[in-house]
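If you read the protein sequences in the order shown, they are chains A and B. Take the first sequence: its letter number 94 is residue 94 in my numbering, and every next letter is one higher. Counting the second sequence from 1 gives a position; my numbering is that position plus 259.
Keep in mind the hints are simulated off the structure, nothing from the lab. There's no promise every hint is true.
As the list claims (entries may be wrong) - Taking lysine to any residue pairs in the SDA-like style, the calculated list, with each CA pair at most 25 Å apart, reads:
{"no.": "1", "chain 1": "B", "residue 1": "K408", "chain 2": "A", "residue 2": "E6"}
{"no.": "2", "chain 1": "A", "residue 1": "K101", "chain 2": "B", "residue 2": "Q387"}
{"no.": "3", "chain 1": "B", "residue 1": "K408", "chain 2": "A", "residue 2": "T42"}
{"no.": "4", "chain 1": "B", "residue 1": "K408", "chain 2": "A", "residue 2": "T46"}
Single-letter residue listing:
Number of protein chains: 2
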Amino acid sequence: MTANLELSQKFDFAKSLVCSAVAFLRAQMDQPFEVTEKTDFTDLVTDMDQKVQDFLMSEILAVYPEDHFLAEEGDYKQAIGSGKVWVIDPIDGTANFVAQKQDFAIVVAYYEDGIGKFGLIYDVMAEQFYYGGGDFDVFCNDEQLVPYKDKPFSQFLLAINPGMYHSNHGGVAHLAERVLGVRTYGSAALSSAKVLTGQLLGYISHISPWDYAASKIMGERLGYATVTIEGKQPNFRDREFIMIVPKVRLAEIQDILEG
Amino acid sequence: MTANLELSQKFDFAKSLVCSAVAFLRAQMDQPFEVTEKTDFTDLVTDMDQKVQDFLMSEILAVYPEDHFLAEEGDYKQAIGSGKVWVIDPIDGTANFVAQKQDFAIVVAYYEDGIGKFGLIYDVMAEQFYYGGGDFDVFCNDEQLVPYKDKPFSQFLLAINPGMYHSNHGGVAHLAERVLGVRTYGSAALSSAKVLTGQLLGYISHISPWDYAASKIMGERLGYATVTIEGKQPNFRDREFIMIVPKVRLAEIQDILEG
Chain A
1 MTANLELSQK FDFAKSLVCS AVAFLRAQMD QPFEVTEKTD FTDLVTDMDQ
51 KVQDFLMSEI LAVYPEDHFL AEEGDYKQAI GSGKVWVIDP IDGTANFVAQ
101 KQDFAIVVAY YEDGIGKFGL IYDVMAEQFY YGGGDFDVFC NDEQLVPYKD
151 KPFSQFLLAI NPGMYHSNHG GVAHLAERVL GVRTYGSAAL SSAKVLTGQL
201 LGYISHISPW DYAASKIMGE RLGYATVTIE GKQPNFRDRE FIMIVPKVRL
251 AEIQDILEG
Chain B
260 MTANLELSQK FDFAKSLVCS AVAFLRAQMD QPFEVTEKTD FTDLVTDMDQ
310 KVQDFLMSEI LAVYPEDHFL AEEGDYKQAI GSGKVWVIDP IDGTANFVAQ
360 KQDFAIVVAY YEDGIGKFGL IYDVMAEQFY YGGGDFDVFC NDEQLVPYKD
410 KPFSQFLLAI NPGMYHSNHG GVAHLAERVL GVRTYGSAAL SSAKVLTGQL
460 LGYISHISPW DYAASKIMGE RLGYATVTIE GKQPNFRDRE FIMIVPKVRL
510 AEIQDILEG
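Model the full structure from these sequences, guided by the hints.
Okay, structure coming up:
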């Protein structure tokens with residue numbers, strides 16, 4: 001399948017846009033920023049999140065004034081099912097951004113009538129840029145990512161939300177027992193990116209649409225399913241228990257989770 | 260305090276040695292390597308671990324033929340308390356090395372009569388080299404690391420062994436509730452290095468002498484204690500439940516762990 005010219009141009013625009021947003025963020029990172037708690041002290045937002053989101057939205061609207069947004073900050077909560085919708089997480093891994101200045105990402109995904117057209121994840125400090133999906137091959141920087149290669153669970157690492165593992169929510173501890181080890185990186189996008197590169201079997205967490213929208217599109221092209229832990233399609237509205245795992249192992253993983 | 264000339268020369272030798280070992284490992288990484296299970300399928304060793312350890316030991320013996328070793332692989336288990344002892348972890352984070360080819364380190368520490376003289380941790384793929392301790396300032400590459408700066412627990416991330424968190428071993432879940440979030444990186448040395456840079460409050464895991472020997476020396480110079488979760492000195496012999504945490508917060512952390 002070849003992407004049409006208009007969509008290819010939009011993808012090129014998005015790649016350039018995300019690189020500009022990274023430069024914008026890095027230029028301001030050494031200045032002090034304001035940190036605000038949202039629902040509790042572990043749920044943070046900074047004024048940098050807002051500034052990066054504003055930057056992305058204004059650049060998109062300058063070129064595509066009719067497009068809509070589903071974005072982490074503010075009231076931009078367009079339903080994904082109809083129209084042209086950009087899904088934006090200006091800083092994924094905000095706690096890492098605040099406490100470590102490392103392991104956070106700028107994330108953008110683009111959907112038309114509910115169908116993912118391309119996704120982009122930029123690991124800002126490691127300078128790893130993941131992009132593609134839909135009709136586009138998936139790359140990390142200049143290297144094309146290859147589809148999922150099967151191997152035994154015992155040879156894979158798995159990223160899990162630590163609270164879910166602690167409480168064995170959804171039976172994730174059963175799956176953890178079957179793999180080589182468990183990791184927690186504090187960024188949904190970067191954890192998912194490690195799945196896309198084959199460095200992890202999967203990633204399971206309690207996350208929102210902007211956390212999984214981009215990796216879902218890229219993952220579909222590489223053989224991964226992004227579903228709720230019950231195996232349903234995510235609703236692109238609420239925070240849900242979501243996993244990104246190899247499609248060929250999905251049924252087996254669900255069996256293990258159900259214990 | 261200024262280090263004596265002989266020790267400074269030994270430290271320079273060690274820095275150069277670790278860089279050579281990194282080059283040695285990277286040159287061979289694209290070739291296939293053998294993976295062997297030690298105690299179970301999650302406890303791996305590769306022939307690369309053995310090769311890197313052999314390289315380090317032979318280079319040290321060529322210059323310091325009288326020195327002794329406490330090393331992860333084989334029977335080099337010199338007691339730390341007397342004489343000149345090099346503590347070696349040829350590949351810390353072997354599971355990451357095997358499954359991700361990322362997030363692993365070459366680790367060397369040097370003790371005289373039980374006193375840590377310097378430690379070195381090289382994050383091979385990220386090219387971050389941590390070195391110093393004892394009479395030497397601690398650096399990451401060219402940047403000198405600064406001593407621990409206090410802030411509230413709620414603004415810090417914490418790295419914990421995921422099994423300990425799952426089972427609340429030693430009360431680690433009580434501490435996890437007080438911090439911004441929990442992380443798991445799969446490398447004791449690299450987790451400890453993030454403590455030394457101020458990116459984590461601490462690191463708690465079930466580890467062996469070669470896992471903590473280097474970071475303990477560097478940490479002492481920067482205001483961190485490396486102790487068992489009961490607050491005792493590690494024995495440099497067995498695998499123990501060890502934490503590296505800020506000295507000024509040690510008593511409070513122990514109170515929290517004891518619940």
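Any of the earlier hints contradicted here, and which numbers? 1
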